[in-house]
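There are 2 protein chains.
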Amino acid sequence: MNIRHIAERAGVSVATVSRVLNHPEHVAPKTREKIERIMREAEYTPNWFARGLNFNKTGTIGLMIPHILNSVHMEIAKGVDDVAHQKECIALMCNVENDREKERRYLQWLMKRRVDGIIFISSSLGKRDFEQVQEQGIPIVLIGAYRDNDNFHVVSVDYRQAAMKAVNHLLGNGYRKIAFLYGETPQVENEQKVEGYKQAIRDAGLSLSEDFLKRVENTIEGGYLGAKKLMELAQPPKAIFTSSDYLAFGAMDALKDKNLKIPEDVAIIGFDNVRMSNLVEPKLTTVEIPLHKMGVYGARLLFDRIEEENSPYPGAILLQPKLKIRKSSGHKERIGEMF
Amino acid sequence: MNIRHIAERAGVSVATVSRVLNHPEHVAPKTREKIERIMREAEYTPNWFARGLNFNKTGTIGLMIPHILNSVHMEIAKGVDDVAHQKECIALMCNVENDREKERRYLQWLMKRRVDGIIFISSSLGKRDFEQVQEQGIPIVLIGAYRDNDNFHVVSVDYRQAAMKAVNHLLGNGYRKIAFLYGETPQVENEQKVEGYKQAIRDAGLSLSEDFLKRVENTIEGGYLGAKKLMELAQPPKAIFTSSDYLAFGAMDALKDKNLKIPEDVAIIGFDNVRMSNLVEPKLTTVEIPLHKMGVYGARLLFDRIEEENSPYPGAILLQPKLKIRKSSGHKERIGEMF
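From first to last, the protein sequence lines stand for chains Y and B. So the first sequence is numbered by our numbering: it starts at 612 and just counts up by one. So the second sequence is numbered by our numbering: it starts at 612 and just counts up by one.
What the hints contain is simulated information worked out from the structure, not anything from laboratory work. Quick caveat, the model's predicted, so the values are computed rather than measured. Careful: at least some of the hints might be erroneous.
Copies of the same chain look alike in the list, so a pair counts if it works inside one copy or between any two.
What the hints assert, rightly or not - Straight-line C-alpha distance at most 20 angstroms; calculated SDA-like pairs for lysine to any residue: (1) K645 - R739; (2) K894 - L871; (3) K840 - E828; (4) K689 - E712; (5) K723 - G748; (6) K938 - D864; (7) K894 - D864; (8) K849 - E875; (9) K894 - N870; (10) K713 - V638; (11) K738 - E644; (12) K698 - Q719; (13) K738 - L632; (14) K713 - H696; (15) K641 - L736; (16) K723 - H696; (17) K713 - A626; (18) K713 - E699; (19) K869 - P847; (20) K849 - K867; (21) K713 - E647; (22) K776 - I936; (23) K738 - E636.
Working from the sequences, and respecting the hints, build out all of it.
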């Protein structure tokens, strides 16, 4: 008994039956009741209920999310969930809050329940944890930046290059006093951005100032406090590059509170290109990371591994980010007049 | 063998052992290795691994989230997860995307795995679905607005009152042509807001215009398109109240694209008070919903039910929202001059 049989019996289209399952409020009550009665009589359950019986698979994957209030992670998670849904598979999302103990606890739970695979987003766990999961025969995929990741499937971004691009853009616009405000998390990713920042500053023949490297909590509040401290330096920066758009939003708020104009007094560049970066004022120049795509690619890698029992080579996908130039980073012509 | 025994054997404090579990990067490598070796030798596993054996409980709850890219839902989810974590319980988050079929599929999965309880956030499922879960002996709690909810534990907000407050504020500021731009989802919640809007308009002795009631997709894009259409009316509104901050962000963007000033040309009020509402320009007047608290209260209700086998009375918690007055809704004094 499938959806087509139900439609035939009810004398309606397949689309109408589907609508009863998904959006019954858009179906006339009489039609809906009729279709629902036929489904009950036929003991019809949509396809995916029958899954999880074949091939020793549970039809479930685990998804480790560092922090659910950070939309960067949620956009990646959405990509994973979209693929899982296509595969008629359930994705169980776990909010691990950058807490290793909490993440291990979830991991233990997922392994015990024999999920078909696990995706880690910017996990704070290490090589040994990941190996333990694989030893249990559970495929994993890592999304984000990791140390020591040669033996795993990884989807990542060239964060070092990305940071260089952002700093070079500021240098090209005439800025010399460029600070980097970066988050404590995700740790490895931000270390790579710090490297890129330093490299770009050195390549430009400028000297590095430790005062201009500021590490804060990766939240809007962290960005606010960090930018405030930077602007209170005896020699404050003329431009601030941040490791996330959230930090940039906080930094912009701090600058406004100090009656500083963006970009006239201080230029800002963010990182991630979250949806809101185009809606703040001025619109934020930022590094565009293909977040949804990272999730999609990660999930595809995982399902490839789940479906072919022996996928021999660990694979890595390294994506190149783009700079999204908007108003907050200044314009070459106008900046030229200022310096 | 517990964390104290490990600490004694290693000759360190309990805090140090805990740090090795949570933030090993902050522990000197030598100390860390020593503690890790002792833990391995003692086959020590933190407390929560041992759970799920007693009282027939699995130490797991399910959490149904309408859309993971909407931070309103994620702030509620965070409240639930915080309580679950305190209770040493795992919260499995499911992204149901306002898709009834997808939600039923998750539900089936969670019921089969005998989770201890399930929390629904603004679910599109109905009374019969919820009853089926309870009949299986699995306690549930509903967060948000529902029809026909007398037999369930519900945490909700007086959305009707909330909408009235917002519209009355605009009326008090001198506005008469007030439109309401509302989302297709969450359906019941937004119906209550529509009622409140209509009531406030009628109470002011004004006539309702169907043109001023606009239903759109509950996204930034939906808000953009909706506001654009409203401003293209022969008699455009002077103020727009929206059913979510996301819609307000989109509406503000549309007004800016039309070179209209907020609030001088058109005033805006949002709904929810998400974090970003204080960072857009002008800062958004909005209805403050205690999102995190809703999650916390919902989870506490659920755990009360899980822990006492027979909790006799379904309980409801109805929270009163507050108006958060910022710049986007105009000022009485200045508005006075305009009309």
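Go through the copies and call it for K849 and E875: within, between, both or neither, with a Cα cutoff of 20 angstroms. Only inside one copy: K849 and E875 sit 9 angstroms apart there, 33 angstroms across copies, limit 20 angstroms.
One pair to classify: K894 and L871, alpha carbons no more than 20 angstroms apart. Within, between, both, or neither? Classified as both: same-chain Cα gap 16 angstroms, cross-chain 17 angstroms, threshold 20 angstroms.
Intra- versus inter-subunit Cα pairing at 20 angstroms for K776 with I936: within (11 angstroms within a copy, 40 angstroms between copies)
Treating 20 angstroms as the Cα threshold, decide for K698 and Q719: within, between, both or neither. between (24 angstroms within a copy, 17 angstroms between copies)
Is the C-alpha distance from K713 to E647 at most 20 angstroms within one copy, between copies, in both cases, or in neither? between (43 angstroms within a copy, 17 angstroms between copies)
Homo-oligomer pair classification [R739, K645; C-alpha up to 20 angstroms]: between (56 angstroms within a copy, 16 angstroms between copies)
Same-copy or cross-copy closeness of K938 to D864 [CA-CA at most 20 angstroms]: both (16 angstroms within a copy, 15 angstroms between copies)
Alpha-carbon proximity between K738 and E636, which holds within one copy, between copies, both or neither at 20 angstroms: Classified as between: cross-chain Cα gap 14 angstroms, same-chain 50 angstroms, threshold 20 angstroms.
Which holds for K723 with H696 at a C-alpha limit of 20 angstroms: within a copy, between copies, both or neither? Classified as between; 19 angstroms across copies, 23 angstroms inside a copy.
My question is about K713 and E699: at a cut-off of 20 angstroms on alpha-carbon distance, are they close within one copy, between copies, both, or neither? For K713 and E699, the Cα distance is within 20 angstroms only across copies (9 angstroms; inside one copy 28 angstroms).
Given a CA cutoff of 20 angstroms, do K713 and H696 count as a within-copy pair, a between-copy pair, both, or neither? Answer is between: at 8 angstroms across copies they meet the 20 angstroms cutoff, but 26 angstroms inside does not.
When no copy is named, should K713 and V638 be tagged within, between, both, or neither for a Cα gap of at most 20 angstroms? Answer is between; shortest inter-copy Cα gap is 18 angstroms, intra-copy 44 angstroms.
Figure legend: structure checked against the earlier numbered hints; every hint is met.
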